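Place chains C and A on chain B using the hints.
So the protein sequences, as listed, match chains B, C and A. Just so it is clear: in the first sequence, position 328 is 404 by my numbering, and no numbers are missing. Just so it is clear: in the second sequence, position 142 is 574 by my numbering, and no numbers are missing. Just so it is clear: in the third sequence, position 89 is 341 by my numbering, and no numbers are missing.
Please keep in mind that the hints were generated in silico from the structure rather than gathered at the bench. It should be emphasised that the depicted structure is a prediction, and the values quoted were computed from it without experimental measurement. Hints are not guaranteed to be accurate.
[Said to hold, decoys possible] The list that follows gives simulated cross-link-like pairs (lysine-lysine, PhoX-like), each with its CA atoms no further than 20 angstroms apart:
1) A:Lys364 <-> A:Lys436
2) A:Lys472 <-> A:Lys502
3) C:Lys624 <-> C:Lys557
4) C:Lys661 <-> C:Lys436
5) B:Lys97 <-> C:Lys791
6) C:Lys860 <-> A:Lys364
7) A:Lys378 <-> C:Lys866
8) A:Lys453 <-> A:Lys364
9) B:Lys289 <-> B:Lys97
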Amino acid sequence: MENPLYLSSSPHIHSGETTDKVMRLVIYALLPATALSIYLFGLPALSVLLICTLGCMAFEALSCKLMKQPLTLVDGSAALTGILLALNLPPSTPWWMSLLGAAIAILIGKQIYGGLGYNPFNPALVARVVLLISFPVQMTSWTTPAPIGSGIDAVTAATPLGEMKTAVMLTGKLPEMATSGFGNYFFGNMAGSLGEVSALVLLLGGFFLLFKKVISWHIPISFIGTVLIIGGIFWLLDPSKYPNPLFHLITGGLILGAFFMATDMVTSPITDKGMLIFGFGCGLLTVLIRLFGGYPEGVSFAILLMNACTPLIDRYTRPKIYGQVEQKA
Amino acid sequence: MKLKSFSGGLHPPDSKEYSAHKPIERCPLPEELIIPAAQHIGAPADICVAVGDQVKKGQVIANANGFVSVPIHASTSGEVIAVEPRLHPMGRELPAVVIKPDGLDQWHESLRQNDPEQLDVDSLKNLIRDAGIVGMGGATFPTHVKLSPPEEKTIDTLILNGVECEPFLTADHRLMLEESERIIDGINILRKVLGIDQAIIGIEVNKPDAIEKLTRDCAAHNIQVQPLKVRYPQGAEKQLINACTGRQVPSGGLPMDCGVVVQNVGTAAAISDAVRLGRPLVERIATITGPGIVEPKNLRITIGTPLQYLVDQCGGLNGEPAKIIMGGPMMGQTQLSLDVPAIRGTSGVLVFREEDLPKMPAGPCIRCGRCIGVCPIHLQPTTIAAYARLEMIDAAENYNALDCIECGCCTYICPATLPLVQSIRHAKGGIMAKRRKI
Amino acid sequence: MLAAVLSIGGIGLVAAATLGLAAKKFAVEVDPRELAILEVLPGVNCGACGLPGCSGYAKGVAEGTIAPNLCTPGGSETVEAIADILGIEAITIEPQVAIVACQGDNRKATNKYRYLGLQDCNAAQKLADGPKTCPGGCLGLGSCERACPFGAIEMTAENLAVINREKCTGCEKCVAVCPRQVIKMVPLKATVHVLCNSHDKGALIRKYCQIGCIGCHICKKTVPEAYVVENFLAFADYEHIENAAAAIEKCPTKCIRDFSTGYPEGSSFPPATVPVKHPAA
Chain B
77 MENPLYLSSS PHIHSGETTD KVMRLVIYAL LPATALSIYL FGLPALSVLL
127 ICTLGCMAFE ALSCKLMKQP LTLVDGSAAL TGILLALNLP PSTPWWMSLL
177 GAAIAILIGK QIYGGLGYNP FNPALVARVV LLISFPVQMT SWTTPAPIGS
227 GIDAVTAATP LGEMKTAVML TGKLPEMATS GFGNYFFGNM AGSLGEVSAL
277 VLLLGGFFLL FKKVISWHIP ISFIGTVLII GGIFWLLDPS KYPNPLFHLI
327 TGGLILGAFF MATDMVTSPI TDKGMLIFGF GCGLLTVLIR LFGGYPEGVS
377 FAILLMNACT PLIDRYTRPK IYGQVEQKA
Chain C
433 MKLKSFSGGL HPPDSKEYSA HKPIERCPLP EELIIPAAQH IGAPADICVA
483 VGDQVKKGQV IANANGFVSV PIHASTSGEV IAVEPRLHPM GRELPAVVIK
533 PDGLDQWHES LRQNDPEQLD VDSLKNLIRD AGIVGMGGAT FPTHVKLSPP
583 EEKTIDTLIL NGVECEPFLT ADHRLMLEES ERIIDGINIL RKVLGIDQAI
633 IGIEVNKPDA IEKLTRDCAA HNIQVQPLKV RYPQGAEKQL INACTGRQVP
683 SGGLPMDCGV VVQNVGTAAA ISDAVRLGRP LVERIATITG PGIVEPKNLR
733 ITIGTPLQYL VDQCGGLNGE PAKIIMGGPM MGQTQLSLDV PAIRGTSGVL
783 VFREEDLPKM PAGPCIRCGR CIGVCPIHLQ PTTIAAYARL EMIDAAENYN
833 ALDCIECGCC TYICPATLPL VQSIRHAKGG IMAKRRKI
Chain A
253 MLAAVLSIGG IGLVAAATLG LAAKKFAVEV DPRELAILEV LPGVNCGACG
303 LPGCSGYAKG VAEGTIAPNL CTPGGSETVE AIADILGIEA ITIEPQVAIV
353 ACQGDNRKAT NKYRYLGLQD CNAAQKLADG PKTCPGGCLG LGSCERACPF
403 GAIEMTAENL AVINREKCTG CEKCVAVCPR QVIKMVPLKA TVHVLCNSHD
453 KGALIRKYCQ IGCIGCHICK KTVPEAYVVE NFLAFADYEH IENAAAAIEK
503 CPTKCIRDFS TGYPEGSSFP PATVPVKHPA A
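This is chain B alone, in the form it adopts within the complex (with noise of 0.2 angstroms):
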C-alpha cells in the first residue's frame, strides 16, 4: 500500500446532504416567486434582483478575503440571501439602495458575526428594516403590477395593508378593499415589494421545502396560525375595523416570512417546541404590528425580534432526554 490508510472517529459514511445543497433547494423553492416577479415587475424587477444578488456575493468575496478566510460562496447561503433581500424590496428601489442592502446584509448582518451559522439575526432583514428604516419614502413607494408584454403601465399605488392602515387611520373603519374581493391578491394583483405579490407561488416554494424536508412544518404552521387566530379574534371583535383573517393571510409578507424568511435555521430555535413557541411569537407580533403599530407590515420586525429571543427559547426548550422519565420517579 503506497499510502497510509486512513483513520477516524465513527461514523465512515455519510448522509451526503451538505450545506450548500440546502442552500440550493430553498433557491429552487425561490424560484417561482422571483420568476413571478419579473414577469409582473418587469426590468425594474430584475435589476433588484440582479444587484441584491451579486452584490451580496461579491461583499461576500471580499469579507473572507479581507479577513484572510477560504472563499465561502460556494455554500450558497450568500446568494440566498441576495434573493430575499431583493424579494423584500419594492420594484422601484434605486440600484445604489440595493447595493447597499447588500452590503449591510453581508457585513453587518453576518459577517462580523462570525460568517454563516454565527449570524443571531436574519442578513435579509436586518438589510430591509435598516433600509425601511434610512429611507422611508423609496420604501414605501409601491407600483402596482404591469405585467410584461400586457402593455399596462405601472403606476404608484399603495400595499394592501398600507391602504388599509391610512383608511384605519383617518377613518377609523376598513377600507371597503380590506373587505370584499380581495381574494384576487392571492395570485399577484396588487402592490407590494417583489416577493410578497402572489401569496400561490410562495406557497408553492414552502410546500417544495417541507416536501424535501428542507424546512419542519414548525414554524410556518404556528406562524401563520397564531395569525389567523389572532387576527381572527380581533376581526370577530369588531369586522368593521379589523380585517378578515384571510386578508392578513394573502397579503403582505406573511407567507414569505413563514416559510422562507422565520424559517431560517441559523437565527430560529433548533428544537421542535422551541420552534412552535418561535412561530408564535412572529404571529403574535405581527399582527399587533399590523393592527395597532405604526407600520403597515409588522412580518419583518416580528421575524427580527423573535430573532433576538432564539438563545433563549432555546435554552428553556431543552427535549426531554432518554431515560429521564424513570429516574425522576
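Then chains C and A, alone, in the frame of chain B:
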C-alpha cells in the same frame, strides 16, 4: 403483527445486499493465529502459556483477571511460537499469544458435554464465564456479569438482539437463518439462568426470511419474535428495549434497572456451544464486506485470524484500500493495517476505497437541528459539540453528554459535516477526567 | 423643550445621587494591597498560578494564602513589585519558556495513518495514539496554539507547532494540553535546544523522521559538559550551556537548534534575541 420501533434515529442505506444472500462459509486456518489477551471490556486476561508450549483447541491460554474479565482460549491446536505485543484492533501493540496451528484442530481433552437441564444456575453461569462468552454484537461485555444482577434488581424480560442495524453487516442475519436451533437452545439456557420465562427476539423487517424462520422455530418454545421497523440504531441496547417493551433505561443506568437483560443472538448461540458442547468461544461469524472486497462473504472465523487472511478468502482486495473498519460503518473502528487479528468482538470487516469515502470539509453549524431530530437519546448534539470545542466541560455535562451512545446518527446527517460524535466523545472524556479528579 | 430637558436632567441627577449613596453604603472592604497587587499583575487571567484569574491570585497573595512568586507571565518584575507591596524580600524565579521539542513536520516525519476528523491533537491521539509514526512527535493539529492565551504559538504550513520565546510567558497552558508531552519548559537564558522527543533507537527513528535525535552521542563528544544522552535521546544540560552551540554543526540529523540564529523551518518568527532583561543566573 404491529411493527414497533423507538423515537429518533434514521435509516442509512443498509448496503446488506453485498453479503445477505451468502451462506456462512468456514474460513480455513491461517499460518499463524494472533490471540490478544484483551478481547473484552474489563481487565485483560493474564497470559499463562509460554513460547514452545503445545496447546489444544479450547485450552485456556490466559486467565480471567477479576470479575469483569473472562479467560482466553487457544482457538486451535498447535505450538505457541510467540508471546509478545502485537498490533491490536485498538490501534496499538498489546500482549498476544501467537499460535502456529498443527493442522489437527484437536479439542482439549478436558472439555465435556453437558445437559443444561441437569445443571444448577451457578454451574451454568460458571460454564458461561469459563468459556469466555462476551457480548458478540461488538461491545464484548462479559456475559456472566450481565447475568448476575444484584439481588434488588428484578429481571422479567430477556431480549434477544437480532436487529443487526449496522449497514453492511449480515452475520447475525445468516446465523438466525442457518442456525436457529443454537440460538433457541442458548435462549433456553439464558432463561434458566435468569429464572424468567419471557423472551423476545427483536428483528428488523429487512430480514423477512429470518423473522419467518424464527417465528416458526420459536413457536414450540414460548419465545416471541418481534418484527421491528428498519431504523438505526435499533440494535443499541437502550433503543431495542424501548422498541420491544416501551420501557426506558434510566439515564446513567443499565438495562437491568428496567428489568431487562439484552443479549445478542450470536451470544445466545455461543452460550449453547459453551454449555451443551463444552466448547469455549474460539470462533465467530463475521461479515467480510464493502466495495473494497472482491467477493463479500459471511465467514465462520477462528479467533486470531489476521484480517489479511480473511480478505484473501473473499477474493482479495478490490482496488487499493483506503479505510479498513472492524465492525459496521456507523460505530466500527478504523484499523491501521490488515495485520491485526479478528477477535471476539469482530462482527465484520469493512473495506472502503478512496472513492467510497465521504470527504467533505467541515463547515460551520447552520443550526438546522437535524442532529436533534435523529438523536435516539434526544440530546442536542450540536450544542454539546460546540461546548466540547470550547472546552466547556461543565456545560457539556449539563446538556447530558454522558448519555450519548455514540451511535453516529448526528454526524451522519449533519449538513455541515461536523464530526459531532468525536466532539462529544471529547467532552465525555473531559467529564470523566474531571470526575476522577474530584 | 425646557420641560424635556429639565425632566431628563432631573432623572439623571436623582439616579446619580442614588448610585453614589449606594456605592458608599454598600461598599465592600477590600484590602488595598490586593488592589495594588492586581494592578501589577499582567491581567490576562491565564491561570499559570493555579487560580482561575488574576484577581483571585491577588486576593490569595494579599491574604498570604499563596506564594507571591507564582506569576510566571509577569516574570521577575511582577514578583519584585508584589514583594514591594507586601514589604517582603523578592524570591526571584528563573524565567522559563516553553519549547516544542520536535522539528518533524509533515515533510520530515512520516505518518502511520491519514487522520480525518476533529482538528484537535487530543482527539487524534485517541485514534491509535495519533497519526505520527513517531510516538513523541508534534501532531501539528494546533491544540497548543488554541490554548495559548498570549498568541505565542504558531502552526507552520507543514503542521509543526513553534513557540515564540519573546511572547511566551511560561504559563504552561500548552504543556498541559499537549497529549504527547512534546512541549518542554526550559530556562529563558538558553537558546540552544535538542528538538526531539523520541526515545526510540536511531535505526528506528531514521525510518520515520529525518530530523530526530538518533542518540549518536556526537554532541556529547563535541561539548561534553553541555549535553547528556539518556535512553537514545540527547538533552542540553542547561547548567552548562555556554558552548552548546558548537555541537550544532556536528549533529548528523540537525536536531539541535540555536533559536538565536532562527526558529525551526517554516516558522515566521524572526530569530530570537538573547534576553538581556533576565541576565543568566
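Hint-by-hint comparison with the structure:
1. A:Lys364 <-> A:Lys436: 24 angstroms, violated
2. A:Lys472 <-> A:Lys502: 10 angstroms, holds
3. C:Lys624 <-> C:Lys557: Holds, at about 10 angstroms.
4. C:Lys661 <-> C:Lys436: OK: C:Lys661 and C:Lys436 at ~6 angstroms, within 20 angstroms.
5. B:Lys97 <-> C:Lys791: 15 angstroms, holds
6. C:Lys860 <-> A:Lys364: At roughly 26 angstroms apart (the allowed maximum being 20 angstroms), A:Lys364 and C:Lys860 break the hint.
7. A:Lys378 <-> C:Lys866: Status holds; Cα separation ~18 angstroms.
8. A:Lys453 <-> A:Lys364: Given pair A:Lys453, A:Lys364 holds - Cα atoms ~18 angstroms apart, limit 20 angstroms.
9. B:Lys289 <-> B:Lys97: Holds, at roughly 12 angstroms.
When held up to the earlier numbered hints, the structure conflicts with 1, 6 and fits the remainder.
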